[in-house]
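Student: Sequence:
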Amino acid sequence: MDQKATPFKGIKDIFYQTRVLMGREYTLKRFASEILGGRVEAVMLSYIEKGKRFPTEALVRRLAQVRREMPETLLVFLWRDRMLYAFSRELHKAIKGEDQASIKGLEQAEVAALISRAIAALPDDGTWIPLTRWQADLNRSILSLGANRPSGLLTTVMDILKTQGLIEEAEGKVRRLGGHYIAESPDEKHALAVEFCGIFTKGLLGKVVLKEQKTYLRNHYLQIPEDQIAAFYQKLNAAVNQLTTEFASEEGEAGKFLNVLITSSPS
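Numbering (the working numbering), first residue to last: 1 to 267.
Quick caveat, the hints were computed from the structure, so don't treat them as lab data.
A hint or two may mislead.
To be verified - Pair by pair, the computed Cβ-Cβ distance ranges are:
(1) 255 to 227: 39 to 47 Å
(2) 244 to 133: 29 to 37 Å
(3) 30 to 61: 15 to 23 Å
(4) 244 to 72: 44 to 52 Å
(5) 227 to 172: 43 to 51 Å
(6) 266 to 243: 21 to 29 Å
(7) 143 to 163: 20 to 28 Å
(8) 220 to 171: 45 to 53 Å
(9) 58 to 20: 32 to 40 Å
(10) 30 to 233: 53 to 61 Å
(11) 137 to 227: 19 to 27 Å
Yeah, the Cβ is synthetic: ideal placement off N, Cα and C, and Gly gets one too.
Please take these sequences and the hints and turn them into a complete structure.
Tutor: Have a look at this one:
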């Protein structure tokens, strides 16, 4: 059962999509009892599909049997979600000084991921494109999040991009003004950090667990004069932009959406 890649797919989406694709007759109760063998109650399955509870590893293994997939293929979604949950909780304490365990942090990361997709869907050179076409592309990404996605995501994303001066809208058209979303409020910083953590954990688990995936993961150490760090970052950014421009496929062409995360930390 091939699932389309989504901006921020989690284990909740796997459970929901599997049940829905089996047909309307599979209610929560029937799916839990007949397909999952009574390993979970319908109420708990509802919480799992909404992202309010994590399933057990045994339940994920059962779902993998149903889908005829290797357990590790689905377990990585559960492992990543649990890592992000723990990271989100600690990050919330660091930013706001509050101890708030928050699966909402995963929802905030969906917004941050959609912002990245929205910017990427606009031409780099600032060319105007039809607003409806851009919104349709963004709506496809939103719909792929599943039925339990937060409401008003399109408006939320557009408002953030306009507020930060990253897009301009006029006469039914839209264009890019900037390429980098800068988190400003505590909630925006939290959302962006969880998104970055999600990209990292996805790549890490893909490299360590799912060896057949084309995940690139490398680490480099170097020592440079402190007054050269800014110049190094500028050249690093230029090199990445050049590679992105060279290899990015045109709109509508077949291809894989890559999440590329680059980090450099002086010590």
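Student: With reference to the structure, classify each hint as holding or not holding.
Tutor: Verification of the supplied hints:
1. Checking the proposed 39 to 47 Å range against residue 255 and residue 227 shows it holds: the Cβ atoms sit about 40 Å from each other.
2. The beta-carbon spacing between residue 244 and residue 133, approximately 21 Å, falls outside the hinted interval of 29 to 37 Å.
3. The given range of 15 to 23 Å is respected by residue 30 and residue 61, whose C-beta atoms sit roughly 21 Å from each other.
4. Checked against the hint of 44 to 52 Å, the pair residue 244 and residue 72 fails, with Cβ atoms roughly 30 Å apart.
5. The given range of 43 to 51 Å is respected by residue 227 and residue 172, whose C-beta atoms sit roughly 49 Å from each other.
6. Between residue 266 and residue 243 the CB atoms are about 24 Å apart, so this pair conforms to the stated range of 21 to 29 Å.
7. Checked against the hint of 20 to 28 Å, the C-beta distance between residue 143 and residue 163 comes to roughly 24 Å, which is consistent with it.
8. The supplied range of 45 to 53 Å is met by residue 220 and residue 171, whose beta-carbon atoms lie about 47 Å from each other.
9. At about 23 Å, the beta-carbon gap between residue 58 and residue 20 misses the expected band of 32 to 40 Å.
10. At about 55 Å, the CB distance of residue 30 to residue 233 agrees with the hint of 53 to 61 Å.
11. Separation of residue 137 from residue 227 is about 43 Å and departs from the stated range, judged on CB atoms against 19 to 27 Å.
Hint check: violations occur at hints 2, 4, 9, 11; the rest are consistent with the structure.
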